[in-house]
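Enquirer: Chain residues, written in single-letter form:
Protein chains: 2
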Amino acid sequence: MPSTELPQQMSARRIDRPVPLRERVYQAMQELIISRQLAPGQHLVESELAEMLGVSRQPIREALQLLNSEGWVDLRPGYGAFVHAPTEAEVDQLLVVRSALEAESARLAALNADTEGVARLRKLVAQGEAAVASDDIDGMVAANAELHRCVTELSGNQVLLDFVSQVDRRVRWYYTPIARHRGNKSWQEHARLIDAIEAGEADTAAKAMREHTERTRESYLEQRRENPEPDVAPVQVRSRRRRTAPRV
Amino acid sequence: MPSTELPQQMSARRIDRPVPLRERVYQAMQELIISRQLAPGQHLVESELAEMLGVSRQPIREALQLLNSEGWVDLRPGYGAFVHAPTEAEVDQLLVVRSALEAESARLAALNADTEGVARLRKLVAQGEAAVASDDIDGMVAANAELHRCVTELSGNQVLLDFVSQVDRRVRWYYTPIARHRGNKSWQEHARLIDAIEAGEADTAAKAMREHTERTRESYLEQRRENPEPDVAPVQVRSRRRRTAPRV
DNA sequence: ATACAGTATTCTGTATACATAAGTCGAGGT
DNA sequence: ACCTCGACTTATGTATACAGAATACTGTAT
Numbered sequence: 001m002p003s004t005e006l007p008q009q010m011s012a013r014r015i016d017r018p019v020p021l022r023e024r025v026y027q028a029m030q031e032l033i034i035s036r037q038l039a040p041g042q043h044l045v046e047s048e049l050a051e052m053l054g055v056s057r058q059p060i061r062e063a064l065q066l067l068n069s070e071g072w073v074d075l076r077p078g079y080g081a082f083v084h085a086p087t088e089a090e091v092d093q094l095l096v097v098r099s100a101l102e103a104e105s106a107r108l109a110a111l112n113a114d115t116e117g118v119a120r121l122r123k124l125v126a127q128g129e130a131a132v133a134s135d136d137i138d139g140m141v142a143a144n145a146e147l148h149r150c151v152t153e154l155s156g157n158q159v160l161l162d163f164v165s166q167v168d169r170r171v172r173w174y175y176t177p178i179a180r181h182r183g184n185k186s187w188q189e190h191a192r193l194i195d196a197i198e199a200g201e202a203d204t205a206a207k208a209m210r211e212h213t214e215r216t217r218e219s220y221l222e223q224r225r226e227n228p229e230p231d232v233a234p235v236q237v238r239s240r241r242r243r244t245a246p247r248v
Numbered sequence: 001m002p003s004t005e006l007p008q009q010m011s012a013r014r015i016d017r018p019v020p021l022r023e024r025v026y027q028a029m030q031e032l033i034i035s036r037q038l039a040p041g042q043h044l045v046e047s048e049l050a051e052m053l054g055v056s057r058q059p060i061r062e063a064l065q066l067l068n069s070e071g072w073v074d075l076r077p078g079y080g081a082f083v084h085a086p087t088e089a090e091v092d093q094l095l096v097v098r099s100a101l102e103a104e105s106a107r108l109a110a111l112n113a114d115t116e117g118v119a120r121l122r123k124l125v126a127q128g129e130a131a132v133a134s135d136d137i138d139g140m141v142a143a144n145a146e147l148h149r150c151v152t153e154l155s156g157n158q159v160l161l162d163f164v165s166q167v168d169r170r171v172r173w174y175y176t177p178i179a180r181h182r183g184n185k186s187w188q189e190h191a192r193l194i195d196a197i198e199a200g201e202a203d204t205a206a207k208a209m210r211e212h213t214e215r216t217r218e219s220y221l222e223q224r225r226e227n228p229e230p231d232v233a234p235v236q237v238r239s240r241r242r243r244t245a246p247r248v
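Chains as they are written, first to last, in UniProt numbering: chain A, 1 to 248; chain B, 1 to 248.
By construction, these hints were calculated from the structure, which means they are not laboratory data.
Any given hint might turn out to be false.
[Stated by the list, open to error] Simulated crosslink set (EDC-like; lysine to aspartate or glutamate; CA at most 16 Å straight-line): (1) Lys-207(A) / Asp-203(B); (2) Lys-123(A) / Asp-203(A); (3) Lys-207(B) / Asp-195(B); (4) Lys-207(B) / Asp-203(A); (5) Lys-185(A) / Glu-214(A); (6) Lys-123(A) / Glu-146(A).
[What the hints assert, rightly or not] To list a few chain A residues with every Cβ distance to chain B over 10 Å, as calculated: (7) Arg-22; (8) Ala-50; (9) Gly-54; (10) Ser-69; (11) Ala-85; (12) Glu-88; (13) Val-132; (14) Gly-139; (15) Ala-145; (16) Cys-150; (17) Gln-158; (18) Glu-214.
All values derive from a computational prediction rather than experimental measurement.
No residue lacks a Cβ here, since even glycine has one placed at the ideal position from N, Cα and C.
From just these sequences and the hints, can you work out the full model?
Expert: Below, the structure is given as structure tokens:
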């Protein structure tokens, strides 16, 4: 198994606080999963992970608890941890949840956002359109993610932000191999959304966001059907290697 | 610190699977928190919990990870775990999230529910009304919880059910000391909701649920203001006992 | 009396070690 | 050839032990 570096320091963190290994492990594993280095369905052996990341089993176990609670891995008691393999139904369901939460975000943002907040949104739209114009796909995706996050922040509801963030990370994972599409259209929808937020029209904003996310969802499902990459390793139960060590 | 029994076996569980201690600890601690035996703001010392529950620190730590990720306790790295002390703002925000998620549940239930599902809902309403009639408060609360859960189940969206369940447990915690009120009115609203679900009127159902939960939320906040029990122990930093052991 | 600095203690973070349950492989019988 | 039973292997579950960080206390000086 390849060795991997643990992130030295996490970003938004109190100064000089040594970040516990479990958090670095959590972060590292999440990225390994997103990047498919740990494939869906794969059996995660604690001792292998420990060796791979250069830590003991304990921080691994604690990180696995978190990853499990957020739907990244499945834990079978007494058996082990497995990278979660989302089914198409589950992806769809998750996108529905996101849609509902983001619509609520938009509604609240319309009620709460001040002019400064709207300005932030406008700026992000400009960034996104610029990225589209220059065919900068990563920039497009980044601007999109930030825009959605910004709307949720402007809702002023921290709990909502927590939930949306959680959902979003999972969606982005499922989404990763696909992503890039629906460029221009999407930004037009964004503009309309922000108009509603600026005008303080809660219902309009919610509706705009819902239609926007619904369209994203449809487009996602469509793409996925054309490109049935994901649940390739559906029931791969165990990656048991040879029983006995290979003798030289 | 008083000693406490760990639940011997959990309910919905594969047969003969020994439930890991971490899950029993998680369950036990959640109940200790809900029942206020562990008060908001209280510093949870791992070794004390371990002794109290008769296990080692490791399962305690793993349970704390879960409890943290679900908002029951706060972890300060290098310092310790504290029972989360929800502020009024947070409770409000959580209720908003629940409102949004349950409205979505109702919408989907209207689209998905079959006659058998509607029958289940009707039966629960009957139970609730019976409980109201006989002044059986616990029965009322239970029927109410089951009804809401049932609606979410009928949505056919498992992911949504997971999220709603999580939110619900937290809400119920905040709610515990208050609960009992708004009896009859609430059940009338339920009936209207179910009518909409039966008729397959998604928007009406969603609206009914939203209004219902909004009203519950207002009533909750009102009650809380009259009865400002919760964040009593807001900043109690540490429950350090004596420095040196008391000599006899 | 108050502020500061040093010291002591407690707790967390992490690693190691052992017990147990789950699963796999192989042999033997039908 | 297939199925069943049994032993073995492996990984998880749990406990214990140790190092280090954070905090609270105490004593002293101003």
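Enquirer: Evaluate each hint against the coordinates.
Expert: Verification of the hints:
With a C-alpha separation of about 12 Å, the suggested pair Lys-207(A) and Asp-203(B) falls inside the 16 Å cut-off, and the hint holds. With a CA separation close to 23 Å, the supplied pair Lys-123(A) and Asp-203(A) exceeds the 16 Å bound. Distance restraint check for Lys-207(B) and Asp-195(B): the Cα-Cα separation of roughly 12 Å lies within the 16 Å cut-off, and the hinted pair is therefore satisfied. For the hint linking Lys-207(B) to Asp-203(A), the alpha-carbon distance of about 12 Å falls within 16 Å, and the restraint holds.
This hinted pair checks out: Lys-185(A) and Glu-214(A) have alpha carbons roughly 13 Å apart, not beyond 16 Å. In summary, the hint linking Lys-123(A) to Glu-146(A) is supported, as the alpha carbons are separated by about 11 Å, within the 16 Å threshold. Not every C-beta of chain B lies more than 10 Å from that of Arg-22(A), the closest at about 8 Å, which undercuts listing it as non-interface. For Ala-50(A), the requirement that its beta carbon stay farther than 10 Å from each beta carbon of chain B is met, with the minimum near 15 Å.
The Cβ of Gly-54(A) sits about 19 Å from the closest Cβ of chain B, beyond the 10 Å cut-off, so the non-interface label holds. With a minimum CB-CB distance of about 5 Å to chain B, Ser-69(A) fails to clear the 10 Å threshold, and the non-interface call is violated. Against the 10 Å criterion, Ala-85(A) stays outside the reach of chain B, whose nearest CB is about 15 Å from its own CB. Against chain B, the non-interface label of Glu-88(A) holds: every CB pair exceeds 10 Å, the least being about 13 Å.
Look at Val-132(A): its CB is around 31 Å from the nearest CB on chain B, clear of 10 Å, so calling it non-interface holds up. Listed as a non-interface residue, Gly-139(A) keeps its Cβ farther than 10 Å from every Cβ of chain B; the least gap is roughly 30 Å. The beta carbon of Ala-145(A) is kept farther than 10 Å from every beta carbon of chain B, the shortest such distance being approximately 20 Å. Distance check for Cys-150(A) against chain B: the nearest CB is about 18 Å away, which clears 10 Å, and the non-interface claim stands.
Residue placement check: Gln-158(A) does not keep its beta carbon more than 10 Å from all beta carbons of chain B (closest about 6 Å). Distance check on Glu-214(A): its Cβ is at least 12 Å (rounded) from any Cβ of chain B, clearing the 10 Å threshold; non-interface status holds.
Consistency note: the structure conflicts with the earlier hints numbered 2, 7, 10 and 17.
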